[in-house]
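So the protein sequences, as listed, match chains A and B.
The numbering of the first sequence is my numbering, which starts it at 6 and goes up by one.
The numbering of the second sequence is my numbering, which starts it at 6 and goes up by one.
Rather than coming from a laboratory, the hints here were simulated on the basis of the structure.
Keep in mind that a hint or two might mislead.
In silico lysine-lysine, DSSO-like type, Cα no more than 27 Å apart, as pairs [said to hold, decoys possible]:
#1 B:Lys-459 - A:Lys-519
#2 A:Lys-99 - A:Lys-83
#3 A:Lys-455 - A:Lys-477
#4 B:Lys-488 - A:Lys-217
#5 A:Lys-455 - B:Lys-33
#6 A:Lys-138 - B:Lys-280
#7 A:Lys-471 - B:Lys-375
#8 A:Lys-33 - A:Lys-69
#9 B:Lys-471 - B:Lys-488
#10 B:Lys-375 - A:Lys-467
#11 A:Lys-138 - B:Lys-471
#12 B:Lys-459 - B:Lys-471
#13 B:Lys-138 - A:Lys-375
#14 B:Lys-83 - A:Lys-459
#15 B:Lys-471 - A:Lys-459
From the derived model, a few chain B residues whose C-beta atoms are all more than 10 Å from chain A [unchecked claim]:
#16 Asp-40
#17 Asp-65
#18 Val-166
#19 Phe-440
None of these values were measured; they are calculated from a predicted model.
Virtual Cβ for every residue (Gly too), placed ideally from N, Cα, C.
Number of protein chains: 2
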Amino acid sequence: MNSWIERNIGYTLVDGESQFSIDFAGMKFTEQELDALQPKFERAVREMARLEAGAIKNPDENRKVTHFTDRVDYPKTKLFTSVEKFAEQARTGKITGETGRKFTAVVVNGIGGSALGPELMQFVINGPYWNEKTDTARNGYLKVYFLDNTDSAEFADLSEVMDPETTLHLVISKSGGTQETCNNMIAMEELYAARKLSFAKHAAAITMKDSKLDKHAREDNWLAVFEMAESIGGRTSETSIVGHVPAAVTGVNFRRFLEGACHMDEWTRTADPKKNPAMMLAAMWYIAGEGKGNRNMVIVPYSDRLILLSRYLQQLVMESLGKELDLDGHVVHQGLNVFGNKGGTDAHAFIQQLNDGRDDFFATFIEVLKDAEKLPITDATDMGTYLHGFLEGLSAALRGKGRQYITIRVPQITEFELGMLIALYERAVAIYAEFININAFHQPGVQSYKLAAKGVLALREKLIKKFYELGKVTGTAAELAVKVGCPDDAVEIGGLLDKSCVNCPHITRTFCEKSNQWVYSIK
Amino acid sequence: MNSWIERNIGYTLVDGESQFSIDFAGMKFTEQELDALQPKFERAVREMARLEAGAIKNPDENRKVTHFTDRVDYPKTKLFTSVEKFAEQARTGKITGETGRKFTAVVVNGIGGSALGPELMQFVINGPYWNEKTDTARNGYLKVYFLDNTDSAEFADLSEVMDPETTLHLVISKSGGTQETCNNMIAMEELYAARKLSFAKHAAAITMKDSKLDKHAREDNWLAVFEMAESIGGRTSETSIVGHVPAAVTGVNFRRFLEGACHMDEWTRTADPKKNPAMMLAAMWYIAGEGKGNRNMVIVPYSDRLILLSRYLQQLVMESLGKELDLDGHVVHQGLNVFGNKGGTDAHAFIQQLNDGRDDFFATFIEVLKDAEKLPITDATDMGTYLHGFLEGLSAALRGKGRQYITIRVPQITEFELGMLIALYERAVAIYAEFININAFHQPGVQSYKLAAKGVLALREKLIKKFYELGKVTGTAAELAVKVGCPDDAVEIGGLLDKSCVNCPHITRTFCEKSNQWVYSIK
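So here's chain A without its partners, still in its complex pose:
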């Protein structure tokens, strides 16, 4: 047998039951490099066991990390049953909005961890055209929309197609104070009030007990409040209540999804690291990127339904691993870049660079073996044949050029396999974090920009007040900054004025070529 074939056999892990396989033969590691990781493997085994036993694994926030274990018991809980019941009542019209009409759509209002998982799930299970199907084709389940930013264009676009009377609103914020989510909720409350409807009678919340959102929803007597455990982080909340409610009201088999995740959890608890797909995956990332993320992870699912996977993993991996300090407080500036879309399409886009250009990545291919439909192209081929051929062709081309890749194969992509995929990456991220000695479960970098944003908003309030006092004024941002007593904030003041010029009739600007600056006039 030639050495390439031997390598393939040796470095392919297969779960016979689910037919899920992961093949590391396309990666350029040696047996010695793998063996050298033994102490790291041991640490990871020990720490994952501690994590699953309930130890504090997010020391900065003094928190347990329970997403790997909660999902075993979750289907047996009252919370699970209450969600399934709520969804069934929404589907059959036993719960309705204020005017008694059956719900036909759900708006999921959440950002980051409260949106990316539900978005991925919808696309994988219900496909791109779910909202264009009839109520009958949807079996009474709800159309689904997302508000996952604080952009008035997103809100305006939704308002154009949304029927307030028949729309259910899920407001998801673990802390209950996420500004973007809160903004969309307030704007939606206004929209309902303007139409003489009660938002509360169309709304349900997912949040921690006693959060601002929890109190608000209870005070206003919303349709439901579903409690989220403190020990589940946003980016790992897809197997919790955060994933469950949007899934249940849109007909997704969430129980099956959890079974897939738990099945992968079992597999990835395998003690022998060389037989443990999460351990091997983390080892590949570590060896390929020299423990510092020196190679980008390019995610290329050969499946249209999986196009959002790269975006989901971008959050899971980069927010977990992109850290300044390690657990001992040393500055390490860690991270691992993730991007990608879908193959074969990407072969007509960025894959020119992967083939010929910078050798600064490893690709991860995900093949879905089952064809959705048999579509003959020639006597001997069908559409699925070509997709497979392009994947194998690209793999061979990359191999020929010494570029690296991992291949995951699943027989089909249902809730079960999606659960397996997510659980695999969740654990690989947690293990890799042990390899590089960082806290994968906090996000301190988000604080600095939030604080700076607050500063900008405070500056804005100050400006409004000062300009009101000053009356008519004209000048560049730097000149106006002096006038209002904030000479060091000219850049931010310029930004605020630029924003105001196009949104507020009292402020205009003209560009002065000579000074290369905008000149603002405030009435």
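Go by the hints and put chain B onto chain A.
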């Protein structure tokens, strides 16, 4: 004035007429570094002038590169008029499908350069819910769907919602032989035939004269064939007929889009590189990445409508710049990675890493100043205020940590500004290619995988024949590879068998734990 403010004023370029601005103050270059690029600037000026004068700028394919110049004259051509007329006839029902019913939807069948631009345009101009609007709300213009892969799931999803009688099909392939596009066309022809309808009477083609597709469409007497110039490359075809037809039938003001592109073309012909936004943009990429793409370009538009921009630029930049050889034939392995989604959402995802983790990127923010709607949040703020605040906050946080960013601001995002954005990046890519002495207009890396894919398909045909001769056989991929006389192709044979097992009743597999291999049975 403090130095940061001075830097901002000095390194912000503004076009007063369009109010488009681009600010390089957040990048860490020095005046000296910029001056050192003078010879490169001069080469770029000279070469861009040669390109625009009609020189051969794609030497490998002996081709001119005319997308920067064609768009000036295109609106005055008969081709332009014929597209506008065709679109108006489709909108008003003067052209219909076979059964005489008005077209309500268009399927755009194309991949890579024939899909990413039209997809971006649709999302920016018609928004995420265009297909859910009524015919009246769409002013009679068509709903739009894309087939941009060779995935049977994509085709099956479309079939579920498509009404063949009222659907127009645009088949786009410059060469006329793109396999993925051809596959979708064949499958669609089959679908129509199965329903006793004529695909030809619902179809229009965009392709080069005398291509396979051109001949096929003319022979079958399709509704229309629009000719594509040989001198326009796929990834720079959005301002050509490729962008025009999908835009026109969906009510996009394509003339205005071209005006925006031409307006940017004028600006980016500015001789002084420090006043030329494309020259400066290319210089920033060059300095930040040390001329080798050592930093990833992270595209973060603070605008939901622009979420597909990163995917579009990923193709434009990576396929153009990701090259093995320079123009002198030296191995250089160039490239520039591009990824991103949308701000502020991404602040809840991967931006943790940008703030705290690896310092291996520069961000490009794109702010759309005009709010789609005024949505009050508090007495003093509205939704747009927050989006602006988060952008400024993130900029300040990154600056504080010594991370780099560029900020582009546009007053709003209409066809005109999208034209400006695309033209800016097209020219920056062409200029950067001159800086690093590569051919930006070919894609040789795509050939190797296409050839390898053909090999896999040929192997498959051989296998089918051999297995037919052999009758019932059982074995691992390696064993079967020997049996069919292709011992070196065991990996590819394994892949083909895996694919067949879940799609073909004659082949099954079971996993052998002992040998860690699948054992296949062929009947």
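Now the hints, each set against the structure:
In summary, the hint linking Lys-459 of chain B to Lys-519 of chain A is not supported, as the alpha carbons are separated by about 61 Å, beyond the 27 Å threshold. For the proposed pair Lys-99 of chain A and Lys-83 of chain A, the alpha carbon gap of about 20 Å is at most 27 Å, so the pair holds. A distance of roughly 32 Å separates the Cα atoms of Lys-455 of chain A and Lys-477 of chain A; the hinted pair therefore is violated under the 27 Å criterion. Under the criterion of a C-alpha separation no larger than 27 Å, the hint pairing Lys-488 of chain B with Lys-217 of chain A is inconsistent with the structure, at around 69 Å.
Between the alpha carbons of Lys-455 of chain A and Lys-33 of chain B the distance comes to roughly 24 Å, so the proposed pair stays at or under 27 Å and holds. Our distance criterion of 27 Å between C-alpha atoms is broken by Lys-138 of chain A and Lys-280 of chain B, whose separation comes to about 52 Å. A C-alpha spacing of about 23 Å is found between Lys-471 of chain A and Lys-375 of chain B, which places the hinted pair at or below 27 Å, so the restraint holds. At roughly 36 Å between alpha-carbon atoms, Lys-33 of chain A and Lys-69 of chain A are farther apart than 27 Å, so this suggested pair is violated.
A distance of roughly 9 Å separates the Cα atoms of Lys-471 of chain B and Lys-488 of chain B; the hinted pair therefore holds under the 27 Å criterion. In summary, the hint linking Lys-375 of chain B to Lys-467 of chain A is supported, as the alpha carbons are separated by about 22 Å, within the 27 Å threshold. Using a Cα cut-off of 27 Å, the hinted pair Lys-138 of chain A and Lys-471 of chain B is violated, with the two alpha carbons roughly 45 Å apart. Restraint check: the Cα-Cα separation between Lys-459 of chain B and Lys-471 of chain B comes to about 18 Å, which is no more than 27 Å; the hinted pair holds.
Between Lys-138 of chain B and Lys-375 of chain A, the direct Cα distance comes to roughly 34 Å. Violation of the 27 Å bound is thereby established for this hinted pair. As the CA atoms of Lys-83 of chain B and Lys-459 of chain A are separated by approximately 55 Å, the hinted pair breaks the 27 Å bound. For the given pair, Lys-471 of chain B sits about 70 Å from Lys-459 of chain A by alpha-carbon distance, which is inconsistent with the 27 Å threshold. Listed as outside the interface, Asp-40 of chain B is consistent with that label: its C-beta sits roughly 19 Å from the nearest C-beta of chain A, beyond the 10 Å cut-off.
Distance check on Asp-65 of chain B: its Cβ is at least 12 Å (rounded) from any Cβ of chain A, clearing the 10 Å threshold; non-interface status holds. With a least CB separation of 4 Å from chain A, Val-166 of chain B falls inside the 10 Å interface cut-off, contrary to its annotation. Consistency note on Phe-440 of chain B: stated as away from chain A, and its beta-carbon is indeed over 10 Å from all of that chain's, at 15 Å minimum.
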